[in-house]
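Chains as they are written, first to last, in our numbering: chain A, 86 to 428; chain B, 86 to 428; chain C, 86 to 428; chain D, 86 to 428.
Just so you know, not all the hints are guaranteed correct.
[What the hints assert, rightly or not] Computed footprint of chain A on chain B, listed as stretches where at least three residues anywhere in the stretch have a Cβ under 8 Å from a Cβ of chain A:
1. 110-124
2. 217-226
3. 248-257
4. 268-276
5. 389-398
[Said to hold, decoys possible] Here are a few chain B residues that sit away from chain D, every Cβ distance over 12 Å (derived from the structure):
6. D129
7. I141
8. G143
9. A161
10. N164
11. S311
12. Q345
13. C368
[To be verified] To spell it out: a stretch of chain A is covered by chain C in this simulated footprint if at least three of its residues, at any positions, have a beta carbon under 8 Å from a beta carbon of chain C; those stretches are:
14. 337-344
15. 362-368
In case anyone wonders, no lab produced these hints; they're calculated from the structure.
Each residue gets a CB set at the ideal place from its N, CA and C atoms; glycine is no exception.
Number of protein chains: 4
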Amino acid sequence: MIIILKPGVTPEQVDTVIQRVESLGLQAHLSQGTHRTIIGVIGDESKLAAEPMTAIPGVAEVVPVLPPYKLASRDAHPNNSVVDVAGVKIGGGHLAMIAGPCAVEDAQRMDEIAGAVKSAGANIYRGGAFKPRTSPYSFQGKGEDGLKILRDVGDRHGMPIVTEVMDPGRVELVAQYADMLQIGARNMQNFVLLTEVGKSNKPVLLKRGMSATVQDLLMSAEYILSQGNANVVLCERGVKGFDPSTRNLYDVAAVAVVQQLSHLPIIVDPSHATGRPDLIPACALAGVAVGADGVHIEVHNCPSEAKSDGPQALLPEQYAEVSEQIRQLAQLLNKQISPLPGA
Amino acid sequence: MIIILKPGVTPEQVDTVIQRVESLGLQAHLSQGTHRTIIGVIGDESKLAAEPMTAIPGVAEVVPVLPPYKLASRDAHPNNSVVDVAGVKIGGGHLAMIAGPCAVEDAQRMDEIAGAVKSAGANIYRGGAFKPRTSPYSFQGKGEDGLKILRDVGDRHGMPIVTEVMDPGRVELVAQYADMLQIGARNMQNFVLLTEVGKSNKPVLLKRGMSATVQDLLMSAEYILSQGNANVVLCERGVKGFDPSTRNLYDVAAVAVVQQLSHLPIIVDPSHATGRPDLIPACALAGVAVGADGVHIEVHNCPSEAKSDGPQALLPEQYAEVSEQIRQLAQLLNKQISPLPGA
Amino acid sequence: MIIILKPGVTPEQVDTVIQRVESLGLQAHLSQGTHRTIIGVIGDESKLAAEPMTAIPGVAEVVPVLPPYKLASRDAHPNNSVVDVAGVKIGGGHLAMIAGPCAVEDAQRMDEIAGAVKSAGANIYRGGAFKPRTSPYSFQGKGEDGLKILRDVGDRHGMPIVTEVMDPGRVELVAQYADMLQIGARNMQNFVLLTEVGKSNKPVLLKRGMSATVQDLLMSAEYILSQGNANVVLCERGVKGFDPSTRNLYDVAAVAVVQQLSHLPIIVDPSHATGRPDLIPACALAGVAVGADGVHIEVHNCPSEAKSDGPQALLPEQYAEVSEQIRQLAQLLNKQISPLPGA
Amino acid sequence: MIIILKPGVTPEQVDTVIQRVESLGLQAHLSQGTHRTIIGVIGDESKLAAEPMTAIPGVAEVVPVLPPYKLASRDAHPNNSVVDVAGVKIGGGHLAMIAGPCAVEDAQRMDEIAGAVKSAGANIYRGGAFKPRTSPYSFQGKGEDGLKILRDVGDRHGMPIVTEVMDPGRVELVAQYADMLQIGARNMQNFVLLTEVGKSNKPVLLKRGMSATVQDLLMSAEYILSQGNANVVLCERGVKGFDPSTRNLYDVAAVAVVQQLSHLPIIVDPSHATGRPDLIPACALAGVAVGADGVHIEVHNCPSEAKSDGPQALLPEQYAEVSEQIRQLAQLLNKQISPLPGA
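All chains, full assembly: derive it from the sequences and hints.
Dropping the structure here:
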């Protein structure tokens, strides 16, 4: 950590800062420049990070040198983590292909779609039983009934299932049914919820918030990891942008940034990133090309009757096509789509 | 609602759309242009809003004409709402002056700061007992002990208190102590939490999320209102921006936009919007000038020892100065700082 | 175009709007809803686009149905355009591989780098003679001397050259030397400059502005096209974002959006989009995967001595590696890197 | 300047960096931490700023300590600058009230509007003769004829005039007519144009670009100042935002930031910032309250017939009302609206 002092700082102010640093068991290394004085701090930076140093008179700025996350950092774990979701591997060259409708619908439709996406190449089935809807008047999901349907259908087709949990008080309930717990973008900094899923033993799919930096995302992963749950998969799903031509701004470079900083797998979600089925196939390929460990796509066999987000879903036949392109691209990159357990 | 069809739409596709509209008990009004065909829909727009119309082949775009919120809308309630927080009024010309430290600290310090902000002009005392911290390793607040301290200090000084609630499972607990429940920016779309505070009978301070549009903010208010709690005060506290010179981008125009669309009071929080004490006084005045119904400012009597966000706190004497300027500006605008109950 | 009227609009106001529409030779189609009245306008929308309709009392909003660009639109030209830069084709399955240093440096270094990028797979050589620098105190480029060096080196290696023009008064000068004129991101809405390059007969590389929507970009292309120059290649190079981990936010979905709306080729520039050499290879592949018609990458054989933007340049051997990956990916997508003329 | 080295940097790499620093006549001060090594650089930081230090192997990051602008900096000129526009002062407690239509229209209308805004309290008259229009098919301004009309009308009413210049080749022409040259937001980083107006002796109104940071704005001012023209007035007019409820995001905090960093006057333009007449009065007051040195508002006596941007113009009577509120607020802040020369 480097403490930059203000121009015109007094010797007494400098002393106060140095004393504060030393009181934490750290060493202060003074560097008196022509225009500015700086103090290099040697020792465990995290001790200093917790202190309100810039509130001390004479301090202009504090520049951290180390990232504030530890368990999520590649320094802590140089090799890529591989997360196992009921037999399907994510990371380290294994691609997740998560597909399914936005919301869990009736059992028959869920069964049809599951069959369709499985034969089209998906290896994890998705569907929301508890839906975060912008409007209190929109369909809020089928709740526990939806979880049961999803579980049954997953079992019948031999596919692991992932579904969103929104309420810290229901983490246990959802974990009874699901193979992987999803934290939605709007809850990425719901720290109570992160702590709860951190206490569960289920893999977690953590979606990036709409205004979260990569560092924010890794700090949220750190919440889960610090509770003892090491099975976190990140997901880039678009950040807030200014161009109305896509729903969000798909930030593929963030995938590459995450992979420099962290060992955790990261997948992409072109469905939510763009909100436009006509762009999803091209954007899915871009995500795999940039190095993502999987692709999350919403698929519905009758979008105009979907209970939620129908307009952004791909049809099963469209999904089969992009899935095949992903398979070929994965091969070029020496990766593979993870096989289903028992397949 | 207006449905814009794609160029080259077939008569059969047009018929399908019209049938769907009519099946909802609405009227479709066809307008065949040179380049494009559009369908005006007459009747209760909300029925159509729930349908995935753009997933129907031939539909290019659906343009809503009415806002998706109802109870929050000025149409529903043409006069300004006035929210009463244990005797302190907010809205309709009455300004809230919310002040206090970021986090609840020990009882003596809380007492000192309360005395200082009260005599400097504050009418509601704030302090976080449950703190949403980006890092799992940062101080997370004193919890229920903090609530007790805050309640005691508020009572001793005759000031209503506001504090954040983060966990839907603790809304009842927090409501036992606080006069007003704060929903933080990161939880603005935590719909489970919104629903819970909507069921409580306490006034709610709803902070705008960092990437929330004004419409998103009003929809989150709608969640609370739709549960029967009409006492919602909104808060502009900066949105995500690209210039690192301020922590967030302080969007004062949003205050004016909200006041066009909604009857709910809205205050500003220049502390979180800028993150810089040197900018807070000027930005507080800007907020009042644009028409805000109050100002939220973090104040600490020793920022360099604060347990959270010390570097952005004003000193009590700085707060007294800006408070006096706000008083004069309020007078110019024919408003007044709400007196404390019994004052 | 659809005109949405305000609630409570009077019959007189409606008449005024209709008269205005009809005075332009257009037909007005009234649709009186329960809550709102709308007017569909039939005829040449562009006539209405020029009128300040929302300034007429009673008008709430005007919703355009057609895009405001014509020549750039895919409606005007359904097939992909192919732009020929001195024998190198861009678009329609032909990929441009533009490479070279940020700024033109001395002749010997320019010659070395040209040889290196050519053998690594580049087909157009780049270098700035006139540099847009944020600081007036930074190196501003070698000017006409730089153009001469670039021309000589391009000729010696048989590579077409592209270089930026910033001054409308020097378009003719730059066009004497260059095979393709680059308009930088900061000048994307320098309409005087766009008009001048529109009058030249050289292909133009138009970079997207940092806060430009796709529609803004296409409107700027329209400026050039409307002057009679049809040889426009667009370039996505990152928009302004909030995460400091990359210089800009690389918007690959915009490539797919452009290709839906327009027939013009569009390439990507991961060098400026990310500003980080460690991310450039992955982001280049993402651009090709999403469908870009080429890749622009800065290459320097000694970045630590570069006169401009050295820290973001790839080394020739790094470029060779990504170039080979692009070649393989292109093949998978049934595209090819355009051969050099005579090759 | 502080150079942060990568973890695992070799002693040879450290030596190379130190040699590079010393070769520039600067001193390097090594600080070897537990996790990281940093080098404090002592001497003239600007020498180092021009070097591609992060391209040297082993260098992780370079943190500047001083701002890159000099003449625009408050360090260089601690007191507020006051710019004189043909007798009307801007800065140091003197408020500019710039008003007029978006585009120069016919002489009679220009005369009517001038009379109206003058009697409503304006002290500088504006109107565009060369208009930067997004579409090549929109009205582009009356050109030199417009300049003549504006000059005549200004003279008749005794008001200084400001008008935009877009073309470096026409700076001299525009300067023959205008009292102040405006650089539009889209040209804020048109460095050729900045250099040209820097060579003129006319005051310059420099509008902030839509994605410009405060530092970018000050660097553009530096271009003008470094050419010898010290009469620069900055203008905040909204940056790109994600909420469609306003045209741009009005960044009033930037006014306060500029005033910390620079001595240059800065005004606000709520017309372009919001694009909505209903929000302009409140936002104008917010700008004055935050400390702006003036307000720029578009006014038209018949917005529905305006040739450009009619929908965002205030009527003269609306302008008179906000102008009176600004006068009272200025008084409260110990400022005054500058009187017209001879008034």
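For each hint, the structure was consulted:
Coverage of the segment 110-124 of chain B by chain A is violated [criterion: at least 3 residues with CB-CB distance below 8 Å; count 0]. Restraint check on the segment 217-226 of chain B versus chain A: 8 residues with Cβ-Cβ distances below 8 Å, three needed, restraint holds. Counting residues of the segment 248-257 of chain B whose CB lies closer than 8 Å to any CB of chain A gives 4, so the stated coverage by that chain holds, three being the minimum. Closer than 8 Å: that is the beta-carbon criterion, and the segment 268-276 of chain B has 5 residues meeting it against chain A, so the requirement of 3 holds.
Only residues whose C-beta sits within less than 8 Å of a C-beta in chain A count toward coverage, and the segment 389-398 of chain B has 7 of them, enough to reach three; the restraint holds. With a least CB separation of 24 Å from chain D, B/D129 remains clear of the 12 Å interface cut-off, as annotated. Look at B/I141: its CB is around 25 Å from the nearest CB on chain D, clear of 12 Å, so calling it non-interface holds up. With a least CB separation of 26 Å from chain D, B/G143 remains clear of the 12 Å interface cut-off, as annotated.
Its beta-carbon lying about 19 Å from the closest one in chain D, B/A161 satisfies the requirement of being farther than 12 Å from that chain. With a cut of 12 Å on Cβ distances, B/N164 stays outside the contact zone with chain D, its closest approach being about 18 Å. Chain D leaves B/S311 outside its interface by the beta-carbon criterion, the shortest separation being 22 Å against a cut-off of 12 Å. The Cβ of B/Q345 does not lie farther than 12 Å from every Cβ of chain D; its closest approach is about 6 Å, which violates its non-interface assignment.
A beta-carbon of chain D comes within 12 Å of the beta-carbon of B/C368; the shortest separation is about 5 Å. Under a criterion of three residues with beta carbons nearer than 8 Å to beta carbons of chain C, the stated coverage of the segment 337-344 of chain A is upheld, 6 such residues being counted. Here the segment 362-368 of chain A counts 4 residues with a CB under 8 Å from a CB of chain C, which clears the bar of 3, and the coverage holds.
This entry does not satisfy hints 1, 12 and 13, going by the numbered hints stated previously.
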